[in-house]
Amino acid sequence: MQKIVVIGNGMVGYKFCEKLIASGSGEKFEITVFGEEPRAAYDRVHLSAYFSVESASELSMAPSGWYKDNGITLHTSSLICEIDREKKIVADHKNNIYPYDYLIIATGSAPFVPDIEGIDTPGVFVYRTIEDLDAIKQYAVKARREYGGKAAILGGGLLGLEAANATKELGLATDVVEFAPRLMPRQLDDSASNMLQTKIESMGIGIYLNKSTSKIYGNNRIEALHFADGSQLKTDMLVISAGIRPRDELGRNAGLRTGERGGIWVDNKMQTSDASIYAIGEVAYYNGGIYGLVAPGYAMAEIAVNQICGGDKRMVERIDMSTQLKLIGTEVASFGDPFVDGNSASAIVFENKFSGIYKRINIDKESRTLLGGILIGDSSDYNTLFQLYINTMKLPETPEDLIIPNKSGETSAGSVMDLPDTAQICSCESISKGAICEAVNSGGCQSVKDVINRTKATTGCGGCKPMVTDLVGESLKALGKEVKETICEHFNYSRQELYDLVKINKVKDYNEALDLFGSGHGCEICKPVLASVFASIYMETANRQVTIQDSNDKFLANIQRNGTYSVVPRVAGGEVTPEKLMVLGQVARKYDLYSKITGGQRIDLFGAKLDQLPDIWRELIEAGFESGHAYGKSLRTVKSCVGSTWCRYGMHESVSFAIRIEERYKGLRSPHKLKGGVSGCIRECAEARGKDFGIIAVEKGWNLYVCGNGGATPKHAVLLAEQLDDETCIKYLDRFLMYYIRTAPPLTRTAPWLEKLEGGIEYLKQVVIEDSLGIAEDLEDEMQNLVDSYVCEWKQAIEDPEMMKRFRHFVNSDETDSSIEFVPMREQKMPKPWR
Amino acid sequence: MKEILDQYRTVNEQEIREWFLAGKISDFPSDGGVCVKYKTKQIAVFNFGRMGKWYACQNLCPHKLEMVISRGMIGESAGIPKVACPLHKKTFSLEDGSNLNGEEYKIAVYPVKIENKNVYIGFSE
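Protein chains in written order, with this note's numbering: chain U, 1 to 835; chain S, 1 to 125.
The hints are simulated quantities; they were obtained by calculation from the structure and are not laboratory data. Honestly, I wouldn't trust all of these hints.
As the list claims (entries may be wrong) - Dumping the calculated DSS-like pairs for lysine-lysine here, alpha-carbon to alpha-carbon at most 30 Å:
{"#": "1", "chain 1": "U", "residue 1": "Lys805", "chain 2": "S", "residue 2": "Lys24"}
{"#": "2", "chain 1": "U", "residue 1": "Lys137", "chain 2": "S", "residue 2": "Lys41"}
{"#": "3", "chain 1": "U", "residue 1": "Lys609", "chain 2": "S", "residue 2": "Lys39"}
Same shape as in the complex, but just chain U:
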């Protein structure tokens, strides 16, 4: 059996193995792989995600056991030190000898570390491996706690900016230092760089351009960078990201031909100057260059596999270096030749400094084709533009329409279906448009998921996902099949469709809905969706159809980690009288509840046993409190600042307005929780723009912002309308909220809902303000009907003995749950920790 030895177990080395196995020829070879890192190949492109994933294994390219299952011997922590081409053997660091018939060099590259004085000072790192990230993470803790809490990144390229985001996320004040006069000098022009710089600086990261670092200063640990122009920058750690150098030493020492600036020379078969040795990925010097992207590396792996298996595929001549990614929250894309301009080519540029968008396309005057371009701030057109470029397709008569938004906020790049079948959609896995459509048309694939499983498209960088989704959708449509997001296996409808069906058919019960529109016996997904739909149509409380409520709604309280509940009465606008405050204190003391102020300006009482809830609420209701609906997908709070009644800056009465709004929408159930805020001036102390709806006082009235949220992916609310009086503001809010409630998918907050809404905020403005759909009056009536039907569901529950039954812990005993234990903490209590 012939022996293949692969040196290097990075993404490309792994891809070689994967393609070899997939080709079906794996069994013909004895395959041995050497990786110098302690773990098997992982996704280095998404390395920064390591800071947020639970373990390194989530980044792994293949499940553990994959190599063994496919008959591949993998040696990790193994460094190959020598190639003997004459004997056709390699030797590892322990001098074990391995013979080969084919040798694959996939050693990748190493970070380039410039020779600067003090480069060995502790606190200086590179950004390439999981071990590097572990070291950075560990040092960052020290830098934050014991030193000055500052980090610097040397290099303002792609990876440098990734690293900057990482150190910022680790809690360090971060600066980026770049030698060139602009950021990402290989991908961006000056205007694009300026735009990106403004965006990045607004995220709190400092940018220093034109800086040549002459010295790393520090006693025992890094303290500052000294620049050639005499200036300095204080820092407590430094991450170097100044480019890569191919790891070509093995090939060089073995006498293989190399490139002028390094790298192992290969031809278009990926063969080196020795016919039995191949080089692929970042170590390969091909057609005058080294390519530090994953897609060309994968393509090289495929060529090498094909050649070894007796095929004759060749590498394309021109390597595409297009990139699209999100850097520090900003979309950035660059494709083709981003810079070309002059006699034969012209650039069309669209720049909107207000919203931070820069787009440039370079067009060949004669052939009217696209040569390249740059997108900053909004790269949603990237896929289409890239396809126009890579397939040298003829551009429309007015190519500016490709990047300049029309009135409804869209650009008109045309449909994905117009692309030729040969258009490469997924460049990581080299999957063409034809292959994707084929998988649907004759391959029997019924969904995007099927297509991904079949073709592996989107499994590399994932950038082509939107296009693949569109292609699959369009292909299915062409076959007369419908594509939609259905709720679960029991309902073949979207939430919006179910909402309409329930409303039109006046369906009132879950089982009736399931019999009429669904199948089977329901589940924990569709039951709460229907409960929400019933509540949004009939203002039905959680007391009527108890068994379809999510478990928090079922007990009108929030379950905590030890099975006890928390109690949150409504404190509209955060305004509370001393008397009511005392009642909360008395109740908390009587029932021994842990007390804490919430982020929504109310008071949360924790640690109530199920059977205590009715007694607690009886006392609260007697004192005039109502349910705060903290347990529901419903209106939570409308946070306010103190406003013009007390504040010397306040322009309007923000508390009064917040209370009015909270009282109006209390009990309103929606696809997800709803939060609001009202600020009395533009200082925005209520943080209203971090809410689903935020109202900010300006001189001539209220500015209404919508679709913001805090949480894991924070989003500022965007301006819907300006300078409104109270009544108009509420009218628009009614329409906006009701439209959201009618149309949003389950568990989708307003921000992601808006993101998916075709036409975006401009479309929403038309619906809400201009009534473009002619439904404004209906929306207002529906909302008014819901407002008029409000009842406090806790009051409703405690007044009905039948409803009270569900708050007993045991059905056959009056005892309470004796397994719940608390431990003391800072004069209060907490659940005994999980064991």
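Following the hints, complete the assembly by docking chain S onto the known chain U.
Showing chain S alone in chain U's frame:
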């Protein structure tokens, strides 16, 4: 804590030594769950009215060891009746207690019989 978990072992029909009277049918809401006390055990009982079936299992969540399963929602997936734990929405088969999310921990299930409008749970001790 392990002893708490070890109390709960799935009981097969042939192992039943005692049919414990848990209550009247009317105490058990249709398509919902309640908790029954039996000696030192807490048992969740589900009246799956829509399927016309009754199920019982441990009330103890095997993941975080809290007494909460009876407060979870029931449903069905590909014909298998299941319960979703209210703490982290992990789902278990009500027929054999297996974990439907592919994780290791599972729950013990007990036989239920209905006689003269009374609900009985089968125990082996």
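Now for the hints, and whether the structure bears them out:
no.: 1; hint: U/Lys805 x S/Lys24; verdict: holds (14 Å)
no.: 2; hint: U/Lys137 x S/Lys41; verdict: violated (46 Å)
no.: 3; hint: U/Lys609 x S/Lys39; verdict: holds (21 Å)
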